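> Chains as they are written, first to last, in the working numbering: chain A, 1 to 98; chain B, 1001 to 1192.
Just so you know, these hints were derived from the structure itself, not from any lab.
These figures come from a predicted structure and were not determined experimentally.
All residues carry an ideal CB built from backbone N, CA and C; glycine is no exception.
Any given hint could be a false lead.
With the C-beta cut set under 10 Å, the calculated list includes, among others, these residues of chain A facing chain B [to be verified]:
# : residue
1 : ASP16
2 : LYS30
3 : MET32
4 : ILE35
5 : VAL69
6 : TYR70
Derived CB-CB ranges, DEER-like [stated by the list, open to error]:
#  : chain 1 : residue 1 : chain 2 : residue 2 : range
7  : A       : ILE61     : B       : GLU1053   : 33 to 41 Å
8  : B       : LEU1138   : A       : PHE66     : 39 to 47 Å
9  : A       : ASN64     : B       : GLN1181   : 50 to 58 Å
10 : A       : LEU57     : B       : GLY1162   : 28 to 36 Å
11 : B       : GLY1063   : A       : ALA55     : 37 to 45 Å
12 : A       : GLN6      : B       : LYS1123   : 13 to 21 Å
13 : A       : LEU45     : B       : PHE1061   : 23 to 31 Å
14 : A       : LEU57     : B       : GLU1053   : 27 to 35 Å
15 : B       : LEU1120   : A       : GLN6      : 15 to 23 Å
16 : B       : TRP1085   : A       : THR80     : 53 to 61 Å
17 : A       : LEU45     : B       : GLY1162   : 17 to 25 Å
18 : B       : GLU1064   : A       : VAL69     : 17 to 25 Å
19 : B       : ARG1073   : A       : ARG19     : 20 to 28 Å
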Amino acid sequence: MNTKEQWISETLESLDGMRRAGSDPETYEKVMQRIRMSGTRRVYLQASFVWKIAAGLILLIGLNVFSLVYYSRLSKASETQTGVLASDYFSYINTIKL
Amino acid sequence: MDEASIIERLRNGEPSAFHELVESFRDRVFNTSIGLLQQREDAEDITQEVFVEIYRSVAGFRGESKLSTWIYRITVQKSMEFLRWKARKKRSGIILQLFGKEGKEVHPGLVHFDHPGTRLENKERSAILFQAISKLPLNQRTAFTLHKVEGLSYAEISGIIGVSLSSVESLMFRAKQNLQQLLSHYYDKNEK
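Can you build the whole structure from these sequences, using the hints too?
This is the structure we're talking about:
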């Protein structure tokens, strides 16, 4: 085995016989404090989830804009139709009066 | 610790049972998360998150796996979520840098990690190895860390990460191959 191979093999074995890292002795107290303050929990969101929410919002806004434009056109058209109907009606009334 | 009785006591909401559980598992949870995250503060934070999650979801634990397997599974999930979140933060940091905003502060870069449990004579080499481990794909990194840092068997790892025994063997094989390559590059650059 040459020096490089030996170095790699020894480095790979450098974790053998290691001890477990000791945690904070106050873990329990800190956990209970977090449970009491449950409103401040940190949440890690998946990127795909965030994109889905963004796409949903864009779709919702798009639908709103579309319906706004569509209904305003529709109401304009119906206003014009009502105007024509009213003028026809009054001109007819005037004809009867005469 | 009798698993069945502690689960029953936890479901009944006995505070002493939860205290016992934390005391029995806190080192295992911390050692796993510090191995995966390679940052003491992050590992402490995740350890606390894991126990908060256990406290909230113990009623739904159906006992289909061992209690320790369930706890390790939550630890790995939380650590992976954290690593993905950190990677996203790093990417957004790069974008901010590209647009001339203060992206540098977002990610401090790779930090030299010294695991507190390694033998004194292995400190230097294990730091190099941990640096190489951090470059592995997440599934290989998880399997390798659980086996080498936490000392779990392949069977236990397969229960934790939810894959077959042969898949764990394959993950370990690929992890070792990748580490050999990474260490070889490191040797060519620094040790020659």
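> Evaluate each hint against the coordinates.
Going through the hints against the structure:
no. : hint                            : in the structure
1   : ASP16                           : 8 Å, holds
2   : LYS30                           : 5 Å, holds
3   : MET32                           : 8 Å, holds
4   : ILE35                           : 6 Å, holds
5   : VAL69                           : 34 Å, violated
6   : TYR70                           : 37 Å, violated
7   : ILE61/A / GLU1053/B: 33 to 41 Å : 35 Å, holds
8   : LEU1138/B / PHE66/A: 39 to 47 Å : 42 Å, holds
9   : ASN64/A / GLN1181/B: 50 to 58 Å : 54 Å, holds
10  : LEU57/A / GLY1162/B: 28 to 36 Å : 33 Å, holds
11  : GLY1063/B / ALA55/A: 37 to 45 Å : 39 Å, holds
12  : GLN6/A / LYS1123/B: 13 to 21 Å  : 19 Å, holds
13  : LEU45/A / PHE1061/B: 23 to 31 Å : 25 Å, holds
14  : LEU57/A / GLU1053/B: 27 to 35 Å : 29 Å, holds
15  : LEU1120/B / GLN6/A: 15 to 23 Å  : 21 Å, holds
16  : TRP1085/B / THR80/A: 53 to 61 Å : 57 Å, holds
17  : LEU45/A / GLY1162/B: 17 to 25 Å : 22 Å, holds
18  : GLU1064/B / VAL69/A: 17 to 25 Å : 54 Å, violated
19  : ARG1073/B / ARG19/A: 20 to 28 Å : 24 Å, holds
Taken one by one, the earlier hints fail for this structure at numbers 5, 6, 18, listed in ascending order.
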